[in-house]
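The task is simple: from the sequences and hints, build the whole structure.
Residue numbers (my numbering): 1 to 64.
Check each hint, because a few of them may be wrong.
[What the hints assert, rightly or not] Label pairs and their in silico Cβ distance ranges:
#1 Val18 with Ala47: 55 to 65 angstroms
#2 Arg31 with Gly56: 30 to 40 angstroms
#3 Ser17 with Ala54: 54 to 64 angstroms
#4 Met57 with Pro19: 51 to 61 angstroms
Worth flagging that the hints you see were computed from the coordinates, not collected in a lab. Here a beta-carbon is modelled for each residue, glycine too, at the ideal position from N, C-alpha and C.
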Amino acid sequence: MDSRSREPEELLPGLESVPTIVRVAAAAWYRGAVWGVAAGARAAERAGEVALGALGMAAGAGAE
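Encoded structure:
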């Protein structure tokens with residue numbers, strides 16, 4: 001059997017039986033979830049920076 005004549009294997013078997021609208025909705029949900037997690041991580045990092053800055057300022061004021 002020639003390798004060029006074979007159809008590519010599906011990444012997830014049975015995915016072709018899922019309606020397109022369901023696949024599009026799932027992809028949009030996944031992108032939204034990933035974006036939400038990334039935004040939350042950035043916000044937590046920024047909050048940590050602000051808290052450390054405030055602690056540094058408080059320590060500096062206490063040393064004076």
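Hint-by-hint comparison with the structure:
1. Val18 with Ala47: 55 to 65 angstroms: Once the Cβ atoms are compared, 40 angstroms apart, the range 55 to 65 angstroms for Ala47 and Val18 is violated.
2. Arg31 with Gly56: 30 to 40 angstroms: 37 angstroms, holds
3. Ser17 with Ala54: 54 to 64 angstroms: 55 angstroms, holds
4. Met57 with Pro19: 51 to 61 angstroms: For Met57 and Pro19 the Cβ distance comes to about 57 angstroms; the hint holds.
The structure shown violates just one earlier hint, number 1.
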